[in-house]
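Participant: Chains as they are written, first to last, in this note's numbering: chain A, 1 to 436; chain B, 437 to 900.
Source of the hints: derived by calculation from the structure; they are not laboratory data. Hints should not be assumed to be uniformly reliable.
Unchecked claim - The calculated DSS-like cross-link candidates involving lysine-lysine, where the alpha carbons are at most 25 Å apart (straight line), are:
1) Lys435/A x Lys122/A
2) Lys271/A x Lys204/A
3) Lys675/B x Lys122/A
4) Lys687/B x Lys675/B
5) Lys522/B x Lys782/B
6) Lys425/A x Lys435/A
7) Lys782/B x Lys435/A
8) Lys425/A x Lys782/B
9) Lys649/B x Lys764/B
Just so we're clear, the structure is a prediction, and the values are computed from it rather than from any experiment.
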Amino acid sequence: MKKIAKYKAAICTLFLGLAPFAQAETLLIKGGRVHTLSDAGSFERADILIRDGRVEAVGPSLEGGADRVIDAAGKVVTPGVIAPVSELGLTEIGAASATNDYAVTGESIGSAFDPLPAYNPKSTLIPFNRAGGVTRALVLPGIQLWGDTAGNPQRVFAGRSFAIRLDGGFDSVVATDLGQRAYLGEAGGQLAGGSRASAYAKVKNALEETREYRANRDAIRRGEWRELNHSLADLEALQPLLGGEQPLLVSVNRASDILQAIQLAREFDLKLVVLGGAEGWMVADQLAEAGVPVIVDAQNNLPISFESLGARLDNAALIKRAGVTVLISGPDYASTHNVYLSRQSAGNAVANGLPYEDALKSISANVAEVFGIEGGTIEPGAVADIVVWSGDPLEVTSYVEEVLIDGKLQSLVNRSTRLRDRYLKPQQGHDFGYKF
Amino acid sequence: MQLHARCIAAALCAAMFLAGCGGDKKSGESADFARQQAFPSTYSVTQSRPVLIVGATLLTGTGEQLENTDLLLQDGAITEIGEGLKAPEGALLVNGSGKWVTPGIIDVHSHLGDYPAPAIESSEDGNEMTSPNTAEVWAEHSVWTQDPQFALALAGGVTTLQILPGSANLFGGRGVTLKNVPGRRVQDMKFPGAPYGLKMACGENPKRVYGGKGTAPSTRMGNVAGYRRAWIAAANYRKAWEGYEKNGGDKPERDLELETLAGVLNGDILVHNHCYRGEEMAIMMDIAREFGFQISTFHHAVEAYKVADLLAENNVCAAMWADWWGFKHEAFDMTEANIAIVDQAKACAMIHSDSAVGIQRLNQEVAKAMTAGQRAGFDIGPADAVVWMTLNPAKALGIAEQTGSLEKGKMADVVLWSGNPFSVYTKAEMVFIDGELMYDRADKARQPHSDFELGILNAEGERL
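If we strip away everything but chain A, and leave its shape as in the complex, we get:
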């Protein structure tokens, strides 16, 4: 958390005067069904008092008034959804390359690639996903694996990461360097020259040199050392992986590839997070024993590749039962534009055996915990990122009624609602052009 505080201070200085200053006001969310996702559990009916952007109290019928009251009777209240993987602020239109900044190709930098300067808090994806209940998100670069500009085969690390609040402010980056992402399995093999073993060797070599660099930094920097395969910038970026200060997200799906990733984590004392893990259920006990969380696409049950022949809808339920921490991402097929659909995925996971509260945690509390960012619970002291839902948040007929980020009520208007309102009754003529 120290790192986050320091970063926030820097941001505040940078954007002094631009950031909307936290109002010293109190807000009461009254009478909703509250899932705190903290040790306090769930309340059939409870009030939440928010002061200065943080939760002050949660409980049935809190005494006293507030500057503002939101009536949540008959509604469901949860922490805001947190996306564990996204390219929010780094992409606008998938097939318009000029609007995409999340992947570099043909460059020698890998782990040192820092997408942060490209972040655009005014992206249309942000208000849209906020209206879907997402309050925070991890933003990670990726390596493009298809098309004419597919990745430089020397790279299996995608680069550095950050986290955002979805309030659309210029100060909405809440933390940086939350993890690195590497590719093993089929994707890794493709990037590393044709064999998944070569991808494994590249990751291993990078980590060995990272260790070597740590022990001999001064000599290496003075140039009194053997030539290394990785740039100093890359090795600097990988330092926090050793010892698990930062997690390493590894994209793997096949059971045997997952085991190899666990082996790597042991060897270098990494905090491994498996991304994908389609066949995780086959090695659920090993994942649990190694304490490796898995980011699951809970709508993925296609044997879409030979490394995910075991893809199944109850993967999340099965690994959770074995003791694995489950995070649920937006469904792959819908991409970052609809990252809020993680809630539909979580609902499907419940339909396939994942306990309800665990499903709620998998799209919020667990994400915050694994990446060490704020949000994910409603408890005294917690940041007030809260969503009031019309009903069960995992149900496809429910929708968002209110979103609070840092205790502030957010607008739910976005291009989708603007276009809807303009064309509710499409007709001949040019009047539509004057309807805003």
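With chain A fixed as given, assemble chain B onto it according to the hints.
Facilitator: Okay, now just chain B, sitting in the frame of chain A:
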């Protein structure tokens, strides 16, 4: 269990000519451009045990929600809907208490079999990207019937689906409508008597693919010139054949590409047009008027809501997603109320998947679109929304006389759901196709597995 084979293809084909269920067949012509019998359907029903579902909530697909109602399926057809129905001897009795029943889901836009799983280069057979006009290719010739994705779609309640070629071409080729049953050959899956579709594509894809190769089209106006040039050729081709059949003389040479287009001009082949933008839909409807054909459906119609009134006027359907957007510029103006707005403008609106993931949850996608419609202020309930995944896609495919709703005499394509189908927690428990129990969630023996799934992951078992 009484087993007998019954080919209903012949009967239905006959019915098609009488009822003209392939579209508006114009009188006085006889040229067989559609070649409906070149690869004839060999679909058959092998189990005809009657089925009585007792006391369920029915969404009929015709706008009604019937509570506590019985449904009788016999000899492949829906024979009775009502209360207190008597079970014929030997019938499978299904307790429908707390369950919901809908017509089988129909997906008007799928690539299963043509882009199968696993997705490896050697089996990506969905798009002949070698010329902007490949009207001569037929999607059915690429279908790998052992694609394990068919069975996954079945578990999601999909009983009928159209397999379309991809969208890189102005004219991508013919689509084929399949019943979602295991088949050793694609003919075993072909929906008896269903008209062929012609896949066309507007917008970014054709101009990118061919413009990128330095050939036409490279612009949207180039796309339109390409369509019109082709329709001129098709009209000439049709005229030549009609002249020959009427007056004799030199027999014109057969041309596979023009044959498909002439089949559209005849009204025997239905146009399924990938088209995102409102402006382009309007242009395409004018082209259809210029050359005298009807567009069945705009697919991926992200901007259909902008021209919903024009769609209604021109009797053109729109197939849409609930919320996909942003992957291309032409998919940027998405609104979640799209389907609802089109529906409220009295145009024929439907959901579609274009995805092996989405096809498994079309009921959830409709639920989201229904909710978006309600939030927009429209009075749309489950009885209305179910039409978006049943009767309207049946209309789009020219098979609404046979399937798509729970009505007496229609094919017994029926899904029994564990509850309200518009819930994330609800699952298809039983799926009947022509009255045959093709999927039973409670009985692994009635869950199909493709050849591919045997001995995969576990040599002695099947995939899952």
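Participant: Which of the numbered hints above does this structure break?
Facilitator: 3, 5
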